[in-house]
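Throw the hints in and build the complete structure from the sequences for me.
Those protein sequence lines, which keep their order, are chains A and B. Using our numbering, you'd call the opening residue of the first sequence number 1 and step up by one each time. Using our numbering, you'd call the opening residue of the second sequence number 1 and step up by one each time.
It is worth saying that the hints were derived from the structure and are not from the lab. Idealized CB from N, CA, C, for every residue including glycine. Check each hint, because a few of them may be wrong.
[Unchecked claim] Pairwise CB distance ranges (calculated):
1) B:Q10 <-> A:G358: 58 to 64 Å
2) B:A9 <-> A:K424: 29 to 35 Å
3) B:Q10 <-> A:S124: 24 to 30 Å
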Amino acid sequence: MSIALKKLDDYRWQIPQFGEMRVPGLIFASEAMLPKINEDKATSQVANVATLPGIVGAALAMPDIHWGYGFPIGGVAATTVEEGVVSPGGIGYDISCGVRLLRTHLQKDAVANKVAAIVDSLFSQVPSGVGSTGRINLTAKEMKKVFEKGAQWAVEKGLGEKADLESCEDRGRIETSDPDLPSVRAIERGKDQLGTLGSGNHFLEVQIVDEIYDAGVAAAFGLFKNQVTVMIHTGSRGCGYQICDDFLKVMRTASQNYRIQLPDPQLACAPISSKEGKDYFAAMGAGANYARANRQTITHWVRESFMKTLSLSPKDLGMEVVYDVCHNIGKIEEHEVNGRKMKLCVHRKGATRAFPAGHPEVPERYRSAGQPVLIPGTMGTFSYVAVGTELAMKETFGTTCHGAGRAMSRTKAMKQVNGRQLQKDLEAKEILVRTASYRGLAEEAPFAYKDVNEVVEVCHRAGISRKVARLKPIGVVKG
Amino acid sequence: MLHLLTEPAQFHSKKKKYLYVRSESWESLLVDWLTEILYYFTVKKIGFSRFKIKKIAPFALAAFGYGETIRPEQHSVFHEVKAVTYHDLKIKKRKGSYSTRIIFDL
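Shown next, in the form of structure tokens:
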């Protein structure tokens with residue numbers, strides 16, 4: 001069904017309320033992006049999300065919007081804690097998929113002839129690829145500790161520094177998780193995958209800070225031009241998928257029991273205050289903690305790889321966490337809606353939290369600047385660091401985009417390029433790629449994704465996040 | 001789904017597993033059945049090449065799956081199928097046969 005959009009300004013397009021919608025829809029995009037957005041069912045999905053009980057403000061979509069299961073990717077919705085629902089489709093299968101950025105003391109000259117050695121070491125130390133299993137095999141008992149403690153578990157096991165946690169969303173741990181709620185199958189799927197990248201659009205990337213847009217905020221984040229950084233993009237692996245799957249089943253029954261009418265079964269939900277709603281929240285927290293532990297473990301092996309390859313001490317390398325933030329999560333937050341402070345469940349699916357300067361949840365060291373927002377590009381394209389804004393708090397529940405979003409199917413991408421040729425093409429651009437699957441590499445070709453530069457620019461011009469720095473890849477590990 | 005994951009014909013019938021799923025509708029039975037096969041593939045590391053249905057009734061299915069342990073050095077795996085979804089799932093009956101479109105999260 002084609003939906004007519006009402007232009008509010010150059011970057012805001014409204015879906016006026018119709019049918020069962022309780023609020024309007026609001027899509028952040030440029031006019032040039034709209035034909036592609038209208039091609040798939042994403043705008044219909046925004047309208048569907050707007051029917052959820054307890055939704056306030058608007059059903060939102062970021063410029064990297066594309067269709068997903070229930071919610072579109074790039075979708076944001078806030079529901080009241082008292083009367084609203086929580087929907088696993090609004091968080092996604094890959095619970096707490098997110099990005100961690102690491103900075104170093106190094107300038108690009110320091111790694112000039114060593115990129116191949118670094119990338120080879122990373123490829124060997126950090127398992128990646130289809131069904132990749134890790135260097136760690138956990139018992140069910142230990143998995144529950146991961147579910148409870150998140151990145152803190154990894155630090156306690158010697159896989160990182162305490163200081164790493166200070167620069168993480170939630171300090172790397174969601175306190176409201178319940179480690180007993182993930183199923184036996186979730187434990188089975190996760191126990192040998194901790195410390196792995198996985199496949200698809202997940203990656204580990206060595207980068208150079210290529211451009212600084214906001215010198216003051218960049219300095220606050222510890223970033224400078226020509227600096228060597230590392231970006232990790234991965235999530236909760238099979239464990240998170242299983243938790244989502246298990247609870248979609250629970251929610252389908254719950255939707256019927258609570259007589260919630262749904263335009264799409266994948267929006268299955270339950271009242272936040274119900275047993276099903278509370279259980280999902282706690283299980284999601286457990287999955288989120290797994291993802292945070294995953295990125296922390298990988299961080300440790302990245303550090304080790306760099307120190308060994310470059311023969312540097314930890315002090316000389318200076319590899320520290322800039323920030324770790326996810327883009328698939330549901331959070332209980334306080335926001336102002338129509339002049340009234342409300343406690344809300346904010347669903348972010350393929351959308352990144354972007355809190356402004358002064359917000360108490362921003363790490364103290366960044367509080368005067370604002371929360372770092374990490375926006376990964378795709379293989380071979382730029383990634384970005386941005387900062388949260390006051391306008392985001394007013395309009396998007398403190399949220400901005402998460403990346404590029406797919407523009408082409410995997411099958412189509414594979415028909416257009418050969419994986420080995422793509423690797424050579426990227427090498428010609430001085431981007432070294434190591435991959436477990438050339439087929440997978442072809443599916444992840446840069447042209448299969450939207451233009452991340454455009455996505456970030458729209459958010460910047462719309463005022464929901466502000467560009468701070470641009471990162472250029474020089475080495476990539478792909479699953 | 002198996003052809004998305006791998007080349008099923010490469011698995012010999014060295015192992016026989018009893019598979020049973022029970023659900024609330026034909027659509028959810030299909031999702032649960034595929035999810036069970038996926039579970040064996042990703043967690044138990046067993047690739048099936050053929051199945052023998054013992055019984056199918058509303059809404060349950062019992063079958064034997066025949067295959068072998070997946071060995072990375074010997075067997076090709078193409079994709080990681082992360083989930084079987086309900087997105088737009090409808091089973092249609094047409095002239096004595098059934099068809100459906102099902103979406104997998106890769």
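Each hint, compared with the structure:
1. B:Q10 <-> A:G358: 58 to 64 Å: Check passed, 59 Å falls within 58 to 64 Å.
2. B:A9 <-> A:K424: 29 to 35 Å: holds, 32 Å
3. B:Q10 <-> A:S124: 24 to 30 Å: Given range 24 to 30 Å: holds, Cβ gap about 27 Å.
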